[in-house]
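Could you put together the complete structure from these sequences and hints?
4 protein chains.
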Amino acid sequence: MIIVMQPDAGEAEIAAVEAKIRSHGLDVHISRGTERTLIGAIGDERRLDPEMFDPLPGVERSLHILKPYKLVAREWHKASTIVDVRGARIGGSEVQVIAGPCSVETVPQMQAAAAGVASAGARLMRGGAFKPRTSPYTFQGKGVEGLTMLKDAAARYDLPIVTELMDVRMLDTFLEHDVDVIQIGTRNMQNFDLLKEVGKVDVPVILKRGMSATISEWLMAAEYVAAGGNHRIILCERGIRTFETAYRNVLDVTAVAVMKKETHLPVIIDPSHAGGKAWMVPALSCAAVAAGADGLLIEVHPCPAEAWCDADQALSIDEFSTLMTKLRAVAQAVGRSIAPAANVVREEIAVA
Amino acid sequence: MIIVMQPDAGEAEIAAVEAKIRSHGLDVHISRGTERTLIGAIGDERRLDPEMFDPLPGVERSLHILKPYKLVAREWHKASTIVDVRGARIGGSEVQVIAGPCSVETVPQMQAAAAGVASAGARLMRGGAFKPRTSPYTFQGKGVEGLTMLKDAAARYDLPIVTELMDVRMLDTFLEHDVDVIQIGTRNMQNFDLLKEVGKVDVPVILKRGMSATISEWLMAAEYVAAGGNHRIILCERGIRTFETAYRNVLDVTAVAVMKKETHLPVIIDPSHAGGKAWMVPALSCAAVAAGADGLLIEVHPCPAEAWCDADQALSIDEFSTLMTKLRAVAQAVGRSIAPAANVVREEIAVA
Amino acid sequence: MIIVMQPDAGEAEIAAVEAKIRSHGLDVHISRGTERTLIGAIGDERRLDPEMFDPLPGVERSLHILKPYKLVAREWHKASTIVDVRGARIGGSEVQVIAGPCSVETVPQMQAAAAGVASAGARLMRGGAFKPRTSPYTFQGKGVEGLTMLKDAAARYDLPIVTELMDVRMLDTFLEHDVDVIQIGTRNMQNFDLLKEVGKVDVPVILKRGMSATISEWLMAAEYVAAGGNHRIILCERGIRTFETAYRNVLDVTAVAVMKKETHLPVIIDPSHAGGKAWMVPALSCAAVAAGADGLLIEVHPCPAEAWCDADQALSIDEFSTLMTKLRAVAQAVGRSIAPAANVVREEIAVA
Amino acid sequence: MIIVMQPDAGEAEIAAVEAKIRSHGLDVHISRGTERTLIGAIGDERRLDPEMFDPLPGVERSLHILKPYKLVAREWHKASTIVDVRGARIGGSEVQVIAGPCSVETVPQMQAAAAGVASAGARLMRGGAFKPRTSPYTFQGKGVEGLTMLKDAAARYDLPIVTELMDVRMLDTFLEHDVDVIQIGTRNMQNFDLLKEVGKVDVPVILKRGMSATISEWLMAAEYVAAGGNHRIILCERGIRTFETAYRNVLDVTAVAVMKKETHLPVIIDPSHAGGKAWMVPALSCAAVAAGADGLLIEVHPCPAEAWCDADQALSIDEFSTLMTKLRAVAQAVGRSIAPAANVVREEIAVA
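Read top to bottom, the protein sequences are chains D, U, C and S.
For the first sequence, the working numbering assigns the number 85 to the initial residue and increments by one for each residue that follows.
For the second sequence, the working numbering assigns the number 85 to the initial residue and increments by one for each residue that follows.
For the third sequence, the working numbering assigns the number 85 to the initial residue and increments by one for each residue that follows.
For the fourth sequence, the working numbering assigns the number 85 to the initial residue and increments by one for each residue that follows.
Any given hint could be a false lead.
Put simply, identical chains are the same to the list, so a pair is met inside one copy or across any two.
[As the list claims (entries may be wrong)] Heads up, simulated SDA-like pairs for lysine to any residue below, C-alpha to C-alpha not over 25 Å straight-line: (1) LYS151 <-> PRO216; (2) LYS151 <-> ILE114; (3) LYS162 <-> GLU97; (4) LYS104 <-> PRO141; (5) LYS104 <-> PHE223; (6) LYS104 <-> THR121; (7) LYS280 <-> ARG253; (8) LYS151 <-> HIS108; (9) LYS284 <-> GLY227; (10) LYS361 <-> GLU102; (11) LYS154 <-> VAL112.
Just so you know, these hints were derived from the structure itself, not from any lab.
The structure presented is a predicted model; accordingly, all values stated were derived computationally and were not measured.
Pasting the structure below:
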């Protein structure tokens, strides 16, 4: 950490800063420039915080030199982490596609969805049983019943399931239902009690970026999970909030490149929530894979116009299948691969 | 709700939209313009959502005419709501100042803080026992012990207490400790399970705006609380996230004017978190009162430089006292008032 | 400037950075910490730029310690600058109100506006002859004819005039028409050729903040004007662009406090463009004065509903007059003053 | 346009709105709902503006149904426009890469750059002779001399040149120097006088998106150029400003998909300014091509570390050449192509 003193700071003020640094067990290095005196703290500066020094007399500002994250930082763990979910490896050379409907609705809907996404080559299935909705008056999800419906439908095609946990009191239920990947949604990225609890279990976690979270905040949220002992973390960019109103969010592909440099954890993209419209999903998916994403989380519904939520952003199974073919070509162009289409009896995909 | 059809939409497509509206029990009104056909849904459009219509063939886009919030909307409840907290009325002509340290630290710190804020004229006391921290490695709050320390210190001056609830599992403990006002923090504004639970209790709630929450999302979060039966809601603007990096957040005073028009609930301002520096607090506090805020939530510490968190944004008791004098003048200029300074034995304010 | 080396940077890489610093005439100071080596440049670091060092091998990042602005910085010019516009002093204890219509339309409109704003106590008059419009198909301003209409109307009440310069080729015409204050609009804040030209003339300049300009960029734009020799600069905050769509812009009152600390130049506020609705103007104006603004730039029209542009944000003369009374009380509460209402024959205010 | 009346609006107020619509030559259609009365204007609503109606008594708000742009809209011109620059077709199936240094510095630098970018397969060359710099104290470009240096270097490889015009007074000089494509920079996107002038000439224009410009504002800026008669417009996304500080801007790939739907004009991407660091350029370039961009504008320098500006974002010629190979594969994966590498004598690429 560096403390920049005001131009007129006196020796007593410099000494007070020095004393405060030493009281935390760090060493001190002073550099007297022509316009400012700088005081450097030598040692593990993570014990210090700018707010400790900024209110002291004579201090202009103070700043960290090191990044605040450690367990999730590539600096301390050079090799890329691969999260293995029952054989589907996320973070390796294969780009993994997770697909399924926004919300679990009915048994036939889930069966058709599972057959459809499996046939197109998705290796994991998503579906929301608990839904974070802006309005208290809209469908809030099927709840525990939905977990069973999702698990049963996915099991037929041996697809691990991904579903969102909103309430810390539901964690045991998730474990009982053998949820394969717990998703922490964008609105809960800094729900620290929830992060602490999923840090204690041995289940992979998809941690979505908050809609206005910085790279640093996002990695610190992951650090909460890792600090609890759970290192099977998958980071998911899903569009950030900006001034633009022509589309719901701005997919931040720069974050993919930056995150791959800053952390050893896998990074995936949710193109469906980013744009908010089904017709944008193919372009955003291709961009994500080209930018180096380790996976995609795509909303697919057997009959999008009838979906109970986010109907305008789900792909039909045919659209998804077409997209997968294109994505395989893009993946190959950047030296990656995507699982091939699977052999599924066509009738199973038909909506009941 | 209005559905705008594409320029080349045919009669069958118009009929399909009409049928979907009628299937939800609303009436239909069609307007054929020179460039577009518009279809209006007549009735309670809150049952409809743009995503129901946007994926239909021939639809260009659809939009709500009415606001999505109801219980909290001034349209449906013209008179301003006053939330009475043991005699401190928030939302009336008196501007209420809530003050105290960022975090509860020690018994002497809390006693000095309580004496100080009471003497300056604050009518309620704040203090964090559970702290939402960006890093898992920093002080996380004194927990339940902190609730007792806060309650005891405030009781001496008959100050109702305000403290943040982060974890739904702690609600019963808050009730047992007679927390007077439950604060929902900015990171939990859309923690819907938490909102539902505080909606069921009979304790006033301060609902902080999410750091990138729109006015509409903020009011819908309040609607969650109100829908549960708890109408004693106080909205708190605390600075929004923008592109500017010279200060932590941008205090949105426009939101005060807009919220007073949109909702009957009281609106207060947190100038301490907004700017993030103690020297900004006086200017922001004066601006907030001048803009029409119903209250202020200010961080005050007996010894700011020694505070365990947010040390750079707390006012000292003397600074707070000086500010209160200035605020009284501003309040009077806009036809409001602030409680006078109280008679507190000077020794009690001294830091132990 | 400080250059932070990568953890594995070698001696040759450190030596290369050192050589580059010395080649620009600065001295070098090296600090070897436990995790990083830091290289400090001692001397006038304004000659250096992070981009000079970031591409060098072994460099992690580099950062300025000093602010990039100099002529406009309070650090180098402690006393507040007062810009005197024919007797109206901006930046002193009197808060100056500049008022008038968005655009110059007709002679009677301008006469009524001048009479109205003068009677209410405005000391300067605004009016747009050249209008920056989002659409090429809307009214673009009366042009040179408008300058004459504005000057003539204002002259009757001895009001200095403020009007926007968009095109550098029009500067001579502005000088010929004795424009008292040249306004540089938000879209031209970084039109550097325009800034250079107004830097060469002896006419006060109002420099509006770009709608997403940082404090630093805004001050550097002012530095362009000052570097040309024109130090009579007035900075005007007019709302910034954020994610919020319920109002046009977010008035950034924090910027007032921060700018008064960073620069010696006067800072005024435009509450009309900030919110974009007339009903928001009173609250925002009061907030601005309470926060310490040195002036206000308010849109006033004799008949707002008939205004040729921005009709929804102009105050009527009666509304403006009422607001001025309130503003005088707020100004007094924070130790400032506003000029009293003037004696203007009532008939002159009536719309022709 | 639709005008939404307040719930308690009376017949006289409705009649006033109706009269105002008719006075502009449009027809009126009234729809009385259960909660609001809606008034529709039938005809070319581009003559109307919400601000005309919002200040009228009884009006809640009014909104456009149609987009404000016309000449540049795909709705009115279905076929994609291809801008032909001396044989390099932008907007067709070939993705065009424009490359070269940030600023023109010396003759040898330009010769090496031209040889290098030509050999790698770029079809046009960029270089800045007039530089928009945040600080008045940094290098402002070589000016007219730079235009000659750029033209001469590019001519050897028959590369059309792209360079930025900042000052309307320099347009004639640009024409005299046979500039092939005039670039309007991000800070001048709403410099309306400049847009009007380039609208009058017969030279292709690259119009960069303002750093916080909405899709609509960007297209309206293009409409200014088109309205002047110049339809050879290329739109360039270059990263938008957000809350994120870990990288300079956020490349908005969603904008590519949305723009291709909204307008018939070609859309290219500048990956160099978006991220601000050379190491981000490959990932962003691949993402842009995968998302459907019609071209790329990439900074390449024979010796990046010695570049006079933006040294940290330029690719070396080798890096650029490697990237081009990768981009050809991505282009092919999405059904496009990129010109092959050219045969350039290796010695010409060496830095003099």
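Tell me, in ascending order, the numbers of any earlier hints that this structure violates. Violated: none.
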